[in-house]
Amino acid sequence: MYEFPLLTLVIWLPIIGGIAVLASGDRGSDISKWIALAFAILTFAISLGLWTGFDAGSGQMQFVERAAWIPTFNVEYYLGVDGISMPLIILTTFITIFVIIAGWDVITYKPSHYMAAFLIMEGVMVGVFSALDAILFYVFWEAMLIPMFIIIGVWGGPNRVYATIKFFLYTFFGSVFMLVALIYMYFQADSFSILDFHDLELGMTAQILIFVAFLLAFAVKVPMFPVHTWLPDAHVEAPTGGSVILAAIMLKIGGYGFLRFSMPITPDASASLDWMIIALSLIAVVYIGFVALVQQDMKKLIAYSSIAHMGFVTLGFFIVFTIIRNPEVAGGAVMGIEGGMVQMISHGFISGALFLCVGVLYDRVHSREIADYGGVINTMPWFGAFVVFFAMANAGLPGTSGFVGEFMVILATFRADFWWAFLAATTLILAAAFTLWMVKRVIFGEVKNEKVAGLQDLNGRETLNLGVLAVAVLALGIWPAPLMEVMHASVENLVAHVGECKLPASEAADCVLAVPASVAGLTEQP
Amino acid sequence: MENVYLTIVLAPLLGAIIAGFFGGRIGRQGAHAVTIAGVGLSTALSLMVLARFIWGDLPVYNEAVYTWMVSDGIRFEVGFLVDRLTALMMATVTFVSLMVHIYTIGYMADDEHNWPKGALTGKNSYQRFFSYISLFTFSMLMLVMSNNFMQLFFGWEAVGLVSYLLIGFWSTRETAIFANMKAFLVNRVGDFGFILGIAAVGMYFNSMDYVEVFAAAPAHAETQVALFGGVSLMTLICILLFIGAMGKSAQVPLHVWLPDSMEGPTPISALIHAATMVTAGVFMVARMSPLFEMSETALSFILIIGATTAFFMGLIGLVQNDIKRVVAYSTLSQLGYMVTALGASAYAAGMFHLMTHAFFKALLFLAAGSVIIALHHKQDIREMGGLRRYMPITWITALIGSLALIGFPAFSGFFSKDAIIEAVGHSTLYGSGYASLLLTIGVFVTALYSFRMYFLVFHGKPRMDKHTRHHLHETPWVVTLPLVLLAIPSVVLGWLVVEPLLVTNWFATGDWNPIVVAPEHDTLQTLREHWHGQWAFVLHGMTMPPFFLAMGGLLLAAVVWWFTFAKNPKIDDQLQAMGGPVTKVLQSKYGFDDFNQKVFAGGSRMLGRVLWLGGDRAIIDDGVVNGSAHRVAALAQRARHLQTGYLYHYAIAMIVGLVGLLTIFVVL
Numbered sequence: 002m003y004e005f006p007l008l009t010l011v012i013w014l015p016i017i018g019g020i021a022v023l024a025s026g027d028r029g030s031d032i033s034k035w036i037a038l039a040f041a042i043l044t045f046a047i048s049l050g051l052w053t054g055f056d057a058g059s060g061q062m063q064f065v066e067r068a069a070w071i072p073t074f075n076v077e078y079y080l081g082v083d084g085i086s087m088p089l090i091i092l093t094t095f096i097t098i099f100v101i102i103a104g105w106d107v108i109t110y111k112p113s114h115y116m117a118a119f120l121i122m123e124g125v126m127v128g129v130f131s132a133l134d135a136i137l138f139y140v141f142w143e144a145m146l147i148p149m150f151i152i153i154g155v156w157g158g159p160n161r162v163y164a165t166i167k168f169f170l171y172t173f174f175g176s177v178f179m180l181v182a183l184i185y186m187y188f189q190a191d192s193f194s195i196l197d198f199h200d201l202e203l204g205m206t207a208q209i210l211i212f213v214a215f216l217l218a219f220a221v222k223v224p225m226f227p228v229h230t231w232l233p234d235a236h237v238e239a240p241t242g243g244s245v246i247l248a249a250i251m252l253k254i255g256g257y258g259f260l261r262f263s264m265p266i267t268p269d270a271s272a273s274l275d276w277m278i279i280a281l282s283l284i285a286v287v288y289i290g291f292v293a294l295v296q297q298d299m300k301k302l303i304a305y306s307s308i309a310h311m312g313f314v315t316l317g318f319f320i321v322f323t324i325i326r327n328p329e330v331a332g333g334a335v336m337g338i339e340g341g342m343v344q345m346i347s348h349g350f351i352s353g354a355l356f357l358c359v360g361v362l363y364d365r366v367h368s369r370e371i372a373d374y375g376g377v378i379n380t381m382p383w384f385g386a387f388v389v390f391f392a393m394a395n396a397g398l399p400g401t402s403g404f405v406g407e408f409m410v411i412l413a414t415f416r417a418d419f420w421w422a423f424l425a426a427t428t429l430i431l432a433a434a435f436t437l438w439m440v441k442r443v444i445f446g447e448v449k450n451e452k453v454a455g456l457q458d459l460n461g462r463e464t465l466n467l468g469v470l471a472v473a474v475l476a477l478g479i480w481p482a483p484l485m486e487v488m489h490a491s492v493e494n495l496v497a498h499v500g501e502c503k504l505p506a507s508e509a510a511d512c513v514l515a516v517p518a519s520v521a522g523l524t525e526q527p
Numbered sequence: 006m007e008n009v010y011l012t013i014v015l016a017p018l019l020g021a022i023i024a025g026f027f028g029g030r031i032g033r034q035g036a037h038a039v040t041i042a043g044v045g046l047s048t049a050l051s052l053m054v055l056a057r058f059i060w061g062d063l064p065v066y067n068e069a070v071y072t073w074m075v076s077d078g079i080r081f082e083v084g085f086l087v088d089r090l091t092a093l094m095m096a097t098v099t100f101v102s103l104m105v106h107i108y109t110i111g112y113m114a115d116d117e118h119n120w121p122k123g124a125l126t127g128k129n130s131y132q133r134f135f136s137y138i139s140l141f142t143f144s145m146l147m148l149v150m151s152n153n154f155m156q157l158f159f160g161w162e163a164v165g166l167v168s169y170l171l172i173g174f175w176s177t178r179e180t181a182i183f184a185n186m187k188a189f190l191v192n193r194v195g196d197f198g199f200i201l202g203i204a205a206v207g208m209y210f211n212s213m214d215y216v217e218v219f220a221a222a223p224a225h226a227e228t229q230v231a232l233f234g235g236v237s238l239m240t241l242i243c244i245l246l247f248i249g250a251m252g253k254s255a256q257v258p259l260h261v262w263l264p265d266s267m268e269g270p271t272p273i274s275a276l277i278h279a280a281t282m283v284t285a286g287v288f289m290v291a292r293m294s295p296l297f298e299m300s301e302t303a304l305s306f307i308l309i310i311g312a313t314t315a316f317f318m319g320l321i322g323l324v325q326n327d328i329k330r331v332v333a334y335s336t337l338s339q340l341g342y343m344v345t346a347l348g349a350s351a352y353a354a355g356m357f358h359l360m361t362h363a364f365f366k367a368l369l370f371l372a373a374g375s376v377i378i379a380l381h382h383k384q385d386i387r388e389m390g391g392l393r394r395y396m397p398i399t400w401i402t403a404l405i406g407s408l409a410l411i412g413f414p415a416f417s418g419f420f421s422k423d424a425i426i427e428a429v430g431h432s433t434l435y436g437s438g439y440a441s442l443l444l445t446i447g448v449f450v451t452a453l454y455s456f457r458m459y460f461l462v463f464h465g466k467p468r469m470d471k472h473t474r475h476h477l478h479e480t481p482w483v484v485t486l487p488l489v490l491l492a493i494p495s496v497v498l499g500w501l502v503v504e505p506l507l508v509t510n511w512f513a514t515g516d517w518n519p520i521v522v523a524p525e526h527d528t529l530q531t532l533r534e535h536w537h538g539q540w541a542f543v544l545h546g547m548t549m550p551p552f553f554l555a556m557g558g559l560l561l562a563a564v565v566w567w568f569t570f571a572k573n574p575k576i577d578d579q580l581q582a583m584g585g586p587v588t589k590v591l592q593s594k595y596g597f598d599d600f601n602q603k604v605f606a607g608g609s610r611m612l613g614r615v616l617w618l619g620g621d622r623a624i625i626d627d628g629v630v631n632g633s634a635h636r637v638a639a640l641a642q643r644a645r646h647l648q649t650g651y652l653y654h655y656a657i658a659m660i661v662g663l664v665g666l667l668t669i670f671v672v673l
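Just so you know, the sequences run in chain order A and B.
Count along the first sequence from 1, add 1, and you get the number used in our numbering.
Count along the second sequence from 1, add 5, and you get the number used in our numbering.
With the rest of the complex left out, here is chain A (with noise of 0.2 Å):
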């Protein structure tokens, strides 16, 4: 469509700029940080052309890029976004600034290489987003481990060790077992392009066994109870930075992995073991919620608020099959996607936001200890007014970001099982109990020490972070209907196509899902 390469500049302008930021070094001065955070607001304002040049009319890629790469594999250099690819990518660079930002006079050790890390780590995830060849996207997707296995190992906090190890581990257990189904696919397409696997059609057998590995891929990254323990580890040794990147970017990939790949691919056995991830979802919802109520540490206490806020991600995908095999209910599988994406946008800012929080706290007082706070608001009035606002968008409030999403994802719900939307709905109580039983014992109250006492308020650069933050919040709050509008036509042609079986014709016998027109006539041949 576009002969401009604009995925292409999104990908490689932060990764150049991350080696400029390199070679400028630390040489006391400032240069580097400010050359940091040209490249982040520059990337993120050339990534603006891809929302306001998306033709929200089409559910196609667009943007297309190809060309070949590794001829003898068939493996292409092949880039391209949809609706649910775009809004991500701009979450992405959005986010970025921020962390530029927000590392600016924090990180004293060789910062020019945090900052570096940080850019090379944008490209890179702007390129898990936009790759539409199989093996582009998993070096993307094994390349995202080694910035963030850095910035945690070197920047991160005591028992850092330990959590990079688990986090490393953890995701590239995962990553293994979708490269073999990468690999099986290939050889049953003979391309590694995404979208031939969409339409490839599979056994019921190799159909579960690509799901299951793309699970065990995709449930690491959200996280998805259970294996959701290396993101409490991760988040508190991670510094600020890691941690905002972490939640707010890093956890979507899994969420788009479920989109782009499990459902597209074997929606069959998505509709056949959607029971299983539902459950999973609720689990994290009710479960999760009650561990997040007992944590002491705040930055566990919000990645356990992460963890159960992605439950309603993968939730409003997976009722998807419940809705489209009751021929009684009318609709609401658009919605659960939709919603489950608007959270996940959602989840970006707010998570984001009240991990810079904690991060403005703790570059004061040294502790993420909730016991070490009580009575912040004395002393910090305006970063109280911030995190009250952000924790209430974090409990669901309407009129903030957090709400829509939600609001969605129980909608639909509620078309698929009474029980599983009863279970989901939960989360008002539960999500306010743990967020504004933490906002009591942090911001309210008297002022509980020495050290509360001798706060300084926000300074200009938190204040411009967490202000920005806020308006994102609020507006995708208050007029949620733009981004709804880029996703529609690419959330619609998705359930239609998750909708279809693909199984050959030979086992279209099991198909629970419609039957394609072409395969129905095969079948109906003597």
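The hints are simulated quantities; they were obtained by calculation from the structure and are not laboratory data.
A portion of the hints provided could be inaccurate.
Unchecked claim - Derived CB-CB ranges, DEER-like:
id: 1; chain 1: B; residue 1: GLU217; chain 2: A; residue 2: ALA69; range: 26 to 36 Å
id: 2; chain 1: B; residue 1: VAL637; chain 2: A; residue 2: ASP418; range: 38 to 48 Å
id: 3; chain 1: B; residue 1: THR228; chain 2: A; residue 2: ALA69; range: 50 to 60 Å
id: 4; chain 1: B; residue 1: LEU11; chain 2: A; residue 2: GLY468; range: 22 to 32 Å
Stated by the list, open to error - Chain A residues, not near chain B, derived (Cβ > 12 Å throughout):
id: 5; residue: ASP31
id: 6; residue: LEU38
id: 7; residue: VAL76
id: 8; residue: SER192
id: 9; residue: GLU339
id: 10; residue: ARG365
id: 11; residue: ALA386
id: 12; residue: GLU447
id: 13; residue: HIS498
Ideal Cβ positions, reconstructed from N, Cα and C, are used throughout, including at glycine.
Since chain A is already given, all that's left is putting chain B on it; use the hints.
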């Protein structure tokens, strides 16, 4: 009219934004000026809208302002439905809000004393308070003017947010920040039901729009849902929605947050926790009357919950000694009356009582606040007495408010409460006998606790310490003016509006009737048929049991807390001691708080700890994740012994292996 309605909503929001973000710059004067201007404008326009509904021919307005989003064919919009029901609420809300804004100038004048030294939160607290109450006005208007379920939920939660911020306004007080969290969480329990109700509406009607849903509702009258062994869809929707109302309108067992909400400054107790926000549930059910009329099960449920709240919460009022808590329990009880009216399908009577109550209860709260200011924030009625001599305006207006509350003939409360009791008496639903009995006896209880408080505060000898008594004087005009302005409607409003609201169904505009009552549920029919004007109604009412019960309660209160108390100041304690276990039960508020604290709060924390340490830590992390690492390590430790380095070990292994392989080949 769109611009008018938008202005009504946005003017308070603008005021709130300016006072909130620029409070430090514009100062106190600026903050109260800008918010009062905003709310004043809203009030003026709301009254104009109401006037044009009464005397003009203003059509019903039902339009979207903008499309919030479209998903799966359902349009989620932000828009207004302004009919006479809405207009009535708008006028009530904005008027009471304006009074409270003016009153706050006096009440919060010395707010810096309420903060610890050096706390930055105390610096612009005055401006912040104005910002919050204006924000509340905006939220409440969004709620009542909504034309769809989504925006209703927005307003519903937004008023909850402001309530949270205001109950915990004095954020250094432990009791305040406990109360505000409790209020928010208990409300969330209600909202949990509410959002499921909205989801049910969304599923079966594929729309969020009131008018579309109401139009399609009759088609679903017989729809059954396969839940709980089969319930009708309408029962499910109505009960779920009503659970939301139980939270917001503080009905048993979700009432526990309201008494604690008195930790907030008194102006907001008047505005939010008496006059407006807590009546949102009542308004919502009245608005949804086309749905509720289709489920007698839901109506019975409402009837029973409402009557239980009305009577048993009133009883607690008898043993309270904090002036605000007495009024708070009175509010709970009166909310119960309104809700019971809804259960009896007397939506109009419920709305009528909502309106009269808004004025006289706001008045009582503000009068209580005036007393509190005069006594330098002492709230214990045992340490008051004789205030009528020092504070004549507060005294007279509080007397008027109390008389209106107990339903003294011809006062506003008389009309609305009598209408409710009569309507419930005519109801034939399951539970109506119970409700009717409790509401009737409740009148006696109301009179008793109201005048207990009144006599203890305003009559008898002053019991406060010398210093306080020395400084006693009437509060400034910004405080007394709202009292007077609220006292007037407390007296005359019932007389003026009883006929249009209850008899001639003023709510209907053309062919749009917001309050739908099925003929077989029409409990106000008798009242309409025997309507011979207000005088006849008053005279008739004076022959009925509620009147005698109210007068009996008043007289008893006078005998005990006026005449006897003058001679024996210990009479109150003696009476409570005589009550024995009954007093204990009432003082413990039937044990709801202890139960919630132990079972729900304590239980959740315990469950959380078990899941965290048992599930996440022990099973997943130590068992599987680190466990598998340890097991690999352990296995490797064992396997290591195979690699001995001795050549003959390897040779034997080779030979054994070779023999084994050969055997397999041969056998196969």
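Each hint, compared with the structure:
The hinted range of 26 to 36 Å is not satisfied by GLU217/B and ALA69/A, whose Cβ atoms lie roughly 55 Å apart. Separated by about 41 Å at the C-beta atoms, VAL637/B and ASP418/A satisfy the suggested range of 38 to 48 Å. Checked against the hint of 50 to 60 Å, the C-beta distance between THR228/B and ALA69/A comes to roughly 59 Å, which is consistent with it. Checking the proposed 22 to 32 Å range against LEU11/B and GLY468/A shows it holds: the Cβ atoms sit about 27 Å from each other.
With a cut of 12 Å on Cβ distances, ASP31/A stays outside the contact zone with chain B, its closest approach being about 31 Å. For LEU38/A, the non-interface assignment is confirmed: its Cβ lies about 27 Å from the closest Cβ of chain B, beyond the 12 Å cut-off. No beta-carbon of chain B comes within 12 Å of the beta-carbon of VAL76/A; the shortest separation is about 34 Å. Even its closest Cβ contact with chain B, about 33 Å, leaves SER192/A beyond 12 Å, as expected for a residue assigned away from the interface.
Listed as a non-interface residue, GLU339/A fails to keep its Cβ farther than 12 Å from every Cβ of chain B; the least gap is roughly 5 Å. Remark: the non-interface label on ARG365/A is consistent with the geometry, its nearest Cβ contact in chain B lying 15 Å away (cut-off 12 Å). Non-interface call for ALA386/A relative to chain B: violated, since the shortest CB-CB distance, roughly 9 Å, does not exceed 12 Å. The Cβ of GLU447/A sits about 5 Å from the closest Cβ of chain B, inside the 12 Å cut-off, so the non-interface label is violated.
Consistency note on HIS498/A: stated as away from chain B, and its beta-carbon is indeed over 12 Å from all of that chain's, at 16 Å minimum.
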